[in-house]
Amino acid sequence: MKDNHIAENEVATKNIKIAARDVQVYYGDTHAIKDVNVEIEDKTVTAFIGPSGCGKSTFLRCINRMNDTIDVCRVVGDILIDGEDIYDRKVDPVQLRAKVGMVFQKPNPFPKSIYDNVAYGPRIHGLARNKAELDDIVERALRRGAIWNEVKDRLDAPGTGLSGGQQQRLCIARAVATEPEVLLMDEPCSALDPIATAQVEELIDELRQNYSVVIVTHSMQQAARVSQKTAFFHLGNLVEFGETDKIFTAPEDPRTESYITGRIG
Amino acid sequence: MPILWLFLIVSGIAIAGYYLGLARVMRSAGGDRRHMHSLPSYYGGNVAIKAAVPALLLMLVWLLVQPMIVNNSVSALIPDSAIADASSRGLVLSEVRRAADGMDRALAQGTMDASMANDPQADPDDVTSRLQDAGAIVTSQITQPVLNAAQSYRMQNQRGNQFMSGVVIVLALLGALWGLRGAQADFRARNVVESAVKMLLIGAASIAILTTLGIVLSLVFNTIEFFRLYPASDFFFGTNWAPSFSGRGGSSDLGVLPLLWGTFYISLVALAVAIPIGLFAAVYLSEYASNSVRSVAKPLLEVLAGIPTIVYGLFALLTVGPLLVSVFGRDGLGIMQAGTAVITAGLVMGVMLIPFVSSLSDDIINAVPQAMRDGSYGLGATKSETIRQVILPAALPGIVGAILLAASRAIGETMIVVLGAGAAARLSLNPFDAMTTVTAKIVSQLTGDADFASPEALVAFALGMTLFVITLALNVFALYIVRKYREQYD
Ligand SMILES: Nc1ncnc2c1ncn2[C@@H]1O[C@H](COP(=O)(O)OP(=O)(O)O)[C@@H](O)[C@H]1O
Ligand SMILES: [Mg+2]
Numbered sequence: 001m002k003d004n005h006i007a008e009n010e011v012a013t014k015n016i017k018i019a020a021r022d023v024q025v026y027y028g029d030t031h032a033i034k035d036v037n038v039e040i041e042d043k044t045v046t047a048f049i050g051p052s053g054c055g056k057s058t059f060l061r062c063i064n065r066m067n068d069t070i071d072v073c074r075v076v077g078d079i080l081i082d083g084e085d086i087y088d089r090k091v092d093p094v095q096l097r098a099k100v101g102m103v104f105q106k107p108n109p110f111p112k113s114i115y116d117n118v119a120y121g122p123r124i125h126g127l128a129r130n131k132a133e134l135d136d137i138v139e140r141a142l143r144r145g146a147i148w149n150e151v152k153d154r155l156d157a158p159g160t161g162l163s164g165g166q167q168q169r170l171c172i173a174r175a176v177a178t179e180p181e182v183l184l185m186d187e188p189c190s191a192l193d194p195i196a197t198a199q200v201e202e203l204i205d206e207l208r209q210n211y212s213v214v215i216v217t218h219s220m221q222q223a224a225r226v227s228q229k230t231a232f233f234h235l236g237n238l239v240e241f242g243e244t245d246k247i248f249t250a251p252e253d254p255r256t257e258s259y260i261t262g263r264i265g
Numbered sequence: 001m002p003i004l005w006l007f008l009i010v011s012g013i014a015i016a017g018y019y020l021g022l023a024r025v026m027r028s029a030g031g032d033r034r035h036m037h038s039l040p041s042y043y044g045g046n047v048a049i050k051a052a053v054p055a056l057l058l059m060l061v062w063l064l065v066q067p068m069i070v071n072n073s074v075s076a077l078i079p080d081s082a083i084a085d086a087s088s089r090g091l092v093l094s095e096v097r098r099a100a101d102g103m104d105r106a107l108a109q110g111t112m113d114a115s116m117a118n119d120p121q122a123d124p125d126d127v128t129s130r131l132q133d134a135g136a137i138v139t140s141q142i143t144q145p146v147l148n149a150a151q152s153y154r155m156q157n158q159r160g161n162q163f164m165s166g167v168v169i170v171l172a173l174l175g176a177l178w179g180l181r182g183a184q185a186d187f188r189a190r191n192v193v194e195s196a197v198k199m200l201l202i203g204a205a206s207i208a209i210l211t212t213l214g215i216v217l218s219l220v221f222n223t224i225e226f227f228r229l230y231p232a233s234d235f236f237f238g239t240n241w242a243p244s245f246s247g248r249g250g251s252s253d254l255g256v257l258p259l260l261w262g263t264f265y266i267s268l269v270a271l272a273v274a275i276p277i278g279l280f281a282a283v284y285l286s287e288y289a290s291n292s293v294r295s296v297a298k299p300l301l302e303v304l305a306g307i308p309t310i311v312y313g314l315f316a317l318l319t320v321g322p323l324l325v326s327v328f329g330r331d332g333l334g335i336m337q338a339g340t341a342v343i344t345a346g347l348v349m350g351v352m353l354i355p356f357v358s359s360l361s362d363d364i365i366n367a368v369p370q371a372m373r374d375g376s377y378g379l380g381a382t383k384s385e386t387i388r389q390v391i392l393p394a395a396l397p398g399i400v401g402a403i404l405l406a407a408s409r410a411i412g413e414t415m416i417v418v419l420g421a422g423a424a425a426r427l428s429l430n431p432f433d434a435m436t437t438v439t440a441k442i443v444s445q446l447t448g449d450a451d452f453a454s455p456e457a458l459v460a461f462a463l464g465m466t467l468f469v470i471t472l473a474l475n476v477f478a479l480y481i482v483r484k485y486r487e488q489y490d
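Line order of the protein sequences matches chains A and B. Quick note on this note's numbering: the first sequence kicks off at 1 and runs consecutively. Quick note on this note's numbering: the second sequence kicks off at 1 and runs consecutively.
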């Protein structure tokens, strides 16, 4: 399928941040992603939905080359960020990941203090010239992660001692601290309770001001709440991609409709 | 009746009880196992346990107690006058036991008849010659008191054994009956078997703990004995180790400091070799190596752990020592006198410890969740940054544990030191000097003709105790560190 409606409506007016061209992903002999073409806009939240095992995480991990850490994984095709091919030989995946931050399904704070968790990225990439600057960066990141007020008095406490929702917001703050341009989130709320989920969703909406956010989610309500664009994956194919409202009210593909109404997956 | 027979009879009763129990409970439940509280085999097991366990326990206790009682009563039969000057009561008693055993043998071979064996008026010379005919080992002429004591010894043992056989068999039968009474459909046989299993496990655990306790106690008592003969302050703070050899008299200097220093120094060299190499090997194996490399390299490394330490000792003595001498010795830099030195033993011991450190650390590093690595890579960290700043800190408590374990091994290691480090106890900072350790000296103090009443031999226990306390402290410290990190990061 080709996303004709996108080509017509959006490309001309919006700023394209990420573009995927004929992307295939193989795990050994398993063909996990087939012919995916998609264009993701800047300063938008894009949701990936689809049944389990359809390749959402796999495709997400292509965008910051996290799949490079898996031996058997092979990616074919082009993914461009700001028009630059990230699978080009010149590109250093380590540098790329500083630009394309990632938040994982399970909160995974390092066994370090809250401060050190957030300062981890800035320290590695040398973003601060001195302690005062680093303090500044950490505070800004924690504020953007909407967790500053809860932790400002105990920055030296271990990050692993926070509650699940706080840990996830800490992980978001940690990702934000390296000043990425794109933020990838793989089911960031699946380990959280409803209140923590609401906090994270609110946060995602705020992050949209500065970043292009791509979020994988199992919850269609969540996709509807937080995203402007939605992509529906099925069995490794990108079945449908468009305005969230349109996908949820008038899907074009019968498979999308079945999934949304609860008949697939 | 021989013990084996008794044991077989009790087992027979237990097995028969098992099947009788099965049959009886089946009848009581009207042949339908669904009406029973437990599965049928539990009822059988209940009977077998009640038949065998008390009977066998009694047998065990009896076998331990009877010799003591018999020895005491026989000992009373021997007048002080019958004990020669250079001898002791214990020696005479063992003569009595030998004579009694010899009589059993002579009876079995027919060189003596039962009336003679039991006749208190029998001629000792005649008895001696007959015993010697039967091939029994009796050293001197058996005297009248010894003969009578031996006869009494035999009698008492015989009666005791007969009595024991009777009591044990009766007890087994009673136990079986008790069990059979319980073979009713509503009896909770499963719970009985469950508690029997629990007792068995408790028993095994207690034996392990009691043995440890016994070892410690034997160390403690002998150590106290040593400190009665040799002042503790001289032992702990003495800087000279010069035992005079037992029997030749003269005073010994038994200061532990040179030995502790040797132990510490050699262990330090060993750990300085083993920690970096082992840790780096572990990091390579768990983070960098491909699966195929890992599957070959890890077992290869672990082969090192299976080599007996005496082989490492030979390696130190025959290969590493001469090699070091050729570089640092008289023909080279001239700072090494002989092949046996701290550096030789330390290097070889370090090689021995590499697989300990690496294999344990490897497991620990692998146990660090993949999510930690993903989190770090996702922030744009390189592999080595991730390892240094996330994986190693997360694995630190376990790695510290591995290192302390290796340190315990190093402190307790003996063979490599005996062969590689020399035998001279000295306080020196030069790693090319020969030195020796606590363990090596324990061996040398106890080998040969050790007189266990002299401080030169008893010092071995004080040394062992010192070593024990040090390793214990090390382990407690390791636990403390591990706990502390757990609290911080969990
Ligand atoms: N590390 C891996 N090795 C091999 N196969 C994988 C791996 N990760 C994912 N897959 C396979 O790729 C497909 C897509 O998985 P994934 O992207 O995790 O799906 P989703 O996130 O949509 O549930 C699945 O069939 C899965 O079995
Ligand atoms: Mg997934």
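Keep in mind that the hints were calculated from the coordinates and are not lab data. Note that the coordinates shown come from a computational prediction; the quantities given were computed from them, not determined experimentally. Where a beta carbon is used, it is the ideal one built from N, C-alpha and C, also for glycine. Check each hint, because a few of them may be wrong.
Stated by the list, open to error - Residues of chain B placed beyond 10 Å of chain A at every Cβ, according to the derived structure:
{"no.": "1", "residue": "P124"}
{"no.": "2", "residue": "I277"}
{"no.": "3", "residue": "L379"}
{"no.": "4", "residue": "E385"}
{"no.": "5", "residue": "Q389"}
Unchecked claim - Chain A stretches covered by chain B per the calculated footprint, using a threshold of three residues with CB under 8 Å from any CB of chain B:
{"no.": "6", "stretch": "61-74"}
{"no.": "7", "stretch": "88-97"}
{"no.": "8", "stretch": "105-114"}
{"no.": "9", "stretch": "126-134"}
{"no.": "10", "stretch": "243-252"}
Now the hints, each set against the structure:
no.	hint	in the structure
1	P124	holds, 83 Å
2	I277	holds, 26 Å
3	L379	violated, 4 Å
4	E385	violated, 6 Å
5	Q389	violated, 7 Å
6	61-74	holds (count 4)
7	88-97	holds (count 4)
8	105-114	holds (count 6)
9	126-134	violated (count 0)
10	243-252	violated (count 0)
When held up to the earlier numbered hints, the structure conflicts with 3, 4, 5, 9, 10 and fits the remainder.
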